[in-house]
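Peer 1: So the sequence lines, in the order shown, correspond to chains A and B.
So that you can map any letter, position 112 of the first sequence is 163 in the numbering used here, and since no number is skipped, the others follow by simple counting.
So that you can map any letter, position 259 of the second sequence is 600 in the numbering used here, and since no number is skipped, the others follow by simple counting.
I should point out that these hints are in silico values taken from the structure, not numbers from a laboratory.
Be aware that one or more of the hints could be misleading.
[To be verified] Just a few of them, taken from the derived set where beta-carbon distance is under 8 Å, the chain B residues facing chain A:
| # | residue |
| --- | --- |
| 1 | Phe369 |
| 2 | Pro464 |
| 3 | Gly468 |
| 4 | Gly505 |
| 5 | Phe513 |
| 6 | Gly518 |
| 7 | Pro524 |
| 8 | Ala526 |
| 9 | Gly531 |
Backbone N, C-alpha and C define an ideal beta-carbon position, used for all residues, glycine too.
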Amino acid sequence: MACLVEMSKVSKSFGGSKAVDGVSLRLMPGAVHALMGENGAGKSTLMKILAGVHQPDAGDLFRDGQKVSFETPREALEAGISTVFQELSLLANLTIAENMFLGREPVTRFGTVDRKRIRRETRKALAVLGLELNPDTLVSELSIAERQFVEIAHGIKADASVFILDEPTAALNAADVEIMNAQIRRLRAEGKAVVYISHRMDEIFGICDTVTVLKDGKLIATRHLSGMTPDSLIAMMVGRELQDLFPPRGQSSSEAVLALEDFRIDPGSKPLSLHVNKGEIVALAGLEGQGQQQLLRSLAGMYHLSTGTASITGKALPLPAPKAAGIRQLQARKVGFVPEDRKEEGLFLGLSIVDNIAIGLSSVHAELSIAHDYQQKIAETISSMNIKASGASSPVGALSGGNQQKVLLGRYLVAGLDMLLIEEPTRGVDIGAKTEIYKLLRRFANNGGAVLVLSRETIELIGLCDRIYVVHGKTIVAELPAKTATEHQILNAALSA
Amino acid sequence: MLPMLLAIGIAVFLGIRTDQFLGSENIFNLIAQAMPLIITAIGQMFVVLVGGLDLSVGSLISFTTAILALDAPGYVTIPAVFLFAALIGISNGLVITRLNVHPIIATLAMQYVILGITRILRPVSGGTVPDIVIDSIAGSFLGIPMPVFWGLLVILVAWKLLHGSRFGLHLFAIGGGVANSTPDAARNFGVADKRNILLAYVACSCFAALAGVFLAGRIVSGDPNVGLLFELDAITAVAVGGTQLSGGIGSLQGTVIGALVLALLSNGMNLTNVSPFIQTAIKGGLLLLVVGLQTRKKIGL
Chain A
52 MACLVEMSKV
62 SKSFGGSKAV
72 DGVSLRLMPG
82 AVHALMGENG
92 AGKSTLMKIL
102 AGVHQPDAGD
112 LFRDGQKVSF
122 ETPREALEAG
132 ISTVFQELSL
142 LANLTIAENM
152 FLGREPVTRF
162 GTVDRKRIRR
172 ETRKALAVLG
182 LELNPDTLVS
192 ELSIAERQFV
202 EIAHGIKADA
212 SVFILDEPTA
222 ALNAADVEIM
232 NAQIRRLRAE
242 GKAVVYISHR
252 MDEIFGICDT
262 VTVLKDGKLI
272 ATRHLSGMTP
282 DSLIAMMVGR
292 ELQDLFPPRG
302 QSSSEAVLAL
312 EDFRIDPGSK
322 PLSLHVNKGE
332 IVALAGLEGQ
342 GQQQLLRSLA
352 GMYHLSTGTA
362 SITGKALPLP
372 APKAAGIRQL
382 QARKVGFVPE
392 DRKEEGLFLG
402 LSIVDNIAIG
412 LSSVHAELSI
422 AHDYQQKIAE
432 TISSMNIKAS
442 GASSPVGALS
452 GGNQQKVLLG
462 RYLVAGLDML
472 LIEEPTRGVD
482 IGAKTEIYKL
492 LRRFANNGGA
502 VLVLSRETIE
512 LIGLCDRIYV
522 VHGKTIVAEL
532 PAKTATEHQI
542 LNAALSA
Chain B
342 MLPMLLAIGI
352 AVFLGIRTDQ
362 FLGSENIFNL
372 IAQAMPLIIT
382 AIGQMFVVLV
392 GGLDLSVGSL
402 ISFTTAILAL
412 DAPGYVTIPA
422 VFLFAALIGI
432 SNGLVITRLN
442 VHPIIATLAM
452 QYVILGITRI
462 LRPVSGGTVP
472 DIVIDSIAGS
482 FLGIPMPVFW
492 GLLVILVAWK
502 LLHGSRFGLH
512 LFAIGGGVAN
522 STPDAARNFG
532 VADKRNILLA
542 YVACSCFAAL
552 AGVFLAGRIV
562 SGDPNVGLLF
572 ELDAITAVAV
582 GGTQLSGGIG
592 SLQGTVIGAL
602 VLALLSNGMN
612 LTNVSPFIQT
622 AIKGGLLLLV
632 VGLQTRKKIG
642 L
C-alpha cells in the first residue's frame with residue numbers, strides 16, 4: 052500500500068542542540084500511528100515539522116510520493132495535513148464557523164463574507180463528528196474537548212487525510228476520552244492516517260496499530276503494536292548509558308527541612324505528603340506536565356490552587372502562598388526558588404555577573420537600607436563556582452548557557468540559604484557544566500542544605516538525588532531510593548498509576 | 342448594552358434638567374457636534390481591534406482643515422487630503438509592522454510631525470474652505486440637515502468594512518491572537534497579518550481626514566488647534582463603547598454609542614455651564630475608569 056506521507060531523514064536543531072536527528076517516518080492510510088518517547092525526545096518537534104510550524108534543516112517530506120515543503124501551517128493544511136496541538140490554535144474571540152473558514156472565507160457577490168454558507172458547511176463538518184454545536188458559538192465558550200473536536204472538524208472540512216493529534220486526551224475527562232477515541236477509530240475507518248502522541252499506555256494499545264519510538268531526537272524503531280507489550284515498549288524508550296557525571300551521594304540526616312502534609316496540587320487532585328531532610332537532594336520525577344512544576348511553584352506563590360499544610364523547619368508556611376510576596380516569604384525562611392527559564396524568569400541579562408549575584412545578598416535587606424559592597428564575597432563565589440567570563444562586570448547575557456546557569460545558582464548559594472527549590476537545574480547546558488552544577492548542588496547538601504529539584508531528564512534525577520518522588524496525575528504515585536532506581540522503574544510507576 | 346443605557350440616562354437627565362436639550366435645534370446641533378468624534382472613533386476602532394492605537398488622528402484633523410483652507414480649488418484640496426491621510430496611515434502601519442515600533446510611540450511621533458507641518462501651513466486659524474465643503478455640512482436635503490446623511494454614510498461604509506468583508510473578520514482574528522498572546526495564530530490560518538494591520542491604520546487615518554473635512558465645513562476655515570486632544574476623545578469613545586483595548590473584541594454600534602455618550606456628556610456639560618477645563622478632566626477620568634474596569638488591559642503589538 053502506498054503511504055500518504057513519508058518523512059525521510061529529517062533533522063532539526065534549535066541553537067546547538069539537535070531536537071530531531073535524521074528521523075524517517077511513513078504514515079499509511081487507515082492506520083493509527085503512535086509516536087512515543089521520553090520528555091524531549093523530539094516527538095513534538097517532528098510533528099511540528101510535518102505541520103509546517105518548523106522547517107527542517109535537512110531531510111525531505113513526501114506527500115503521496117511527491118516531494119513537498121511547507122512554509123506555514125496553512126500550506127500543510129492545504130496539502131491535507133491537519134494538526135491538533137496541545138496548545139490550541141483556535142481564535143477564542145471568533146465563532147466556530149469563522150474559525151473554520153478563516154483565511155479563505157467564501158464571499159457573496161457583494162463582497163461580504165458568505166455567512167450562510169460557512170454556517171451550513173460548518174454544521175456539516177461538525178455533523179460528521181456527531182457534534183451538535185451551533186456554528187455561531189464563540190470558541191471561548193467551548194470546553195477544551197469541544198475545541199479539539201472543532202480542530203478535527205477543521206481538518207475534515209479541509210479534506211485532510213493525515214491527522215496529527217498531540218496528546219489530545221491530556222486535558223480531557225474519561226467520558227470525553229471515550230468520545231475522542233471513537234472519533235479516532237472513525238477517522239481510521241475512513242482510510243485516514245492518524246499520528247497519535249500520548250503517554251497513556253492503555254490508549255496506545257487500545258487504538259494504535261503501529262508505534263514509532265524516538266529517543267534524544269533519534270529514531271529507535273517502528274514496530275507493529277500487535278507484537279509488543281507495555282513493558283517492551285518502555286524498554287525501547289529508556290536504556291540510556293548512565294554517564295559518570297555525578298558526584299557521590301552524601302549522608303542525610305533525619306531532620307526535615309520541608310514537609311508537606313495532606314497537600315493537594317488542585318482542589319480535585321489526590322492528597323500527597325512529602326518531606327525533604329537536611330543534607331538531602333530529593334527529586335520530583337515523572338512525565339512532563341504532571342504537576343511537578345505546580346507543586347514547586349505553589350510554594351513560591353506562583354500557583355494558587357493548592358491546599359494543605361506546609362512547614363519549613365517546623366514552622367508553618369501559609370498556603371496558598373501570596374502571589375506578590377511568595378518568594379519573599381520563602382526567603383524569610385531561608386528557602387530559595389530557582390526558576391526554570393533563566394533568561395525570562397531568572398537572570399537580568401543586561402546586568403553584570405556581580406549585580407546578578409549581589410541581588411541574592413541584597414534582597415534579604417530592607418528596601419531602603421544601604422547597599423553593601425559584596426565585591427569580595429562575589430569574587431570568591433565566581434572563582435569557586437568556576438564561572439568563565441572575561442570579567443566580573445561583563446553582562447550575563449554574553450555568557451554561555453552553562454555559565455549563565457551557574458550565575459543563577461550562585462545567587463542562591465551565596466545567600467546562605469537552608470534549602471533550594473530548583474526547576475530544571477541544567478536546561479540547555481553542556482555536559483561539562485552539568486557535572487559542575489551537580490557537584491555544586493551536592494556540596495550545598497553536604498554542608499547541611501536541602502534541595503528539592505524537578506527535571507525533565509529522569510537520568511539526571513537518578514544520578515543526582517537521594518530520593519525520588521514520582522509524580523503523575525497531580526499526585527505522588529511512588530517514592531523510590533535513587534540509588535537503585537532505574538528509568539524503567541520510574542516510567543513504569545508513572546504510566547501504571 | 343451599558344453604554345446604551347448610559348446614553349439614554351444622560352439624555353433623559355438633560356431633557357428634565359434643561360429646557361433647551363429636547364429642542365430640535367439642539368438635537369441637530371448635537372448630531373453635528375458629535376459627528377467628527379463619531380467618525381474619528383470609528384476609524385480608531387479599526388486599529389484598536391488589532392491591538393494597536395493611533396494617537397496621530399488629532400493632528401491629522403487639524404492638518405486636514407489647514408489643507409482645505411489653502412488658496413486652491415476644492416477639486417485639488419479634497420482629494421489631496423485623503424491622499425495625505427492614506428500616506429500617513431501607510432507610514433504608521435509600516436513603522437509599526439516592519440520596524441516593530443510600539444504603536445503608541447510610532448503614532449505619537451507622527452502626531453508631532455503632522456503638528457509641525459500644520460503650523461507651518463497655518464500658524465493661526467484663518468483662510469476659507471471650498472464652498473462645496475461648507476454646503477455639504479451646513480445645507481439640508483429633504484428638510485433633513487446634511488450631518489444626518491454624513492452619519493448614515495459613514496456608518497454604512499464602516500459596517501461594510503468591519504462586519505461585511507473578509508478584511509473586517511481578519512482584523513478581529515489578528516486582534517484575538519494578539520490579545521491571547523498568540524500573535525502568530527491568525528497568520529497560521531493564512532491571514533496576511535502585516536498587510537491587514539497596515540490597512541487598519543490607513544482606514545483610521547482616512548476616517549480622521551473625513552472628520553477633518555467635516556470640521557472644516559463647520560468652522561469654515563483652517564485651524565491648527567481644532568483637532569487638539571481628539572485622539573483621546575476617540576480612544577475614550579472606543580473604550581466606552583466596549584471595545585477591548587487589547588484587541589479582538591468590539592462592535593461598530595458600541596463605538597457609535599460610545600461616541601454619542603461622550604458627545605451627550607459635552608453637550609450636557611455645556612448646557613449646564615460646566616467649565617471646559619473641568620470637562621477635559623472629567624473625560625480623562627472617564628477613560629481611566631472605563632479602561633480600569635476592562636479585564637484585559639494589555640495594549641497589543
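Peer 1: Work down the list of hints and note, for each, if the structure agrees.
Peer 2: Cross-check of the supplied hints:
{"no.": "1", "hint": "Phe369", "verdict": "violated, 32 Å"}
{"no.": "2", "hint": "Pro464", "verdict": "violated, 44 Å"}
{"no.": "3", "hint": "Gly468", "verdict": "violated, 39 Å"}
{"no.": "4", "hint": "Gly505", "verdict": "holds, 4 Å"}
{"no.": "5", "hint": "Phe513", "verdict": "holds, 6 Å"}
{"no.": "6", "hint": "Gly518", "verdict": "holds, 6 Å"}
{"no.": "7", "hint": "Pro524", "verdict": "violated, 11 Å"}
{"no.": "8", "hint": "Ala526", "verdict": "holds, 6 Å"}
{"no.": "9", "hint": "Gly531", "verdict": "holds, 3 Å"}
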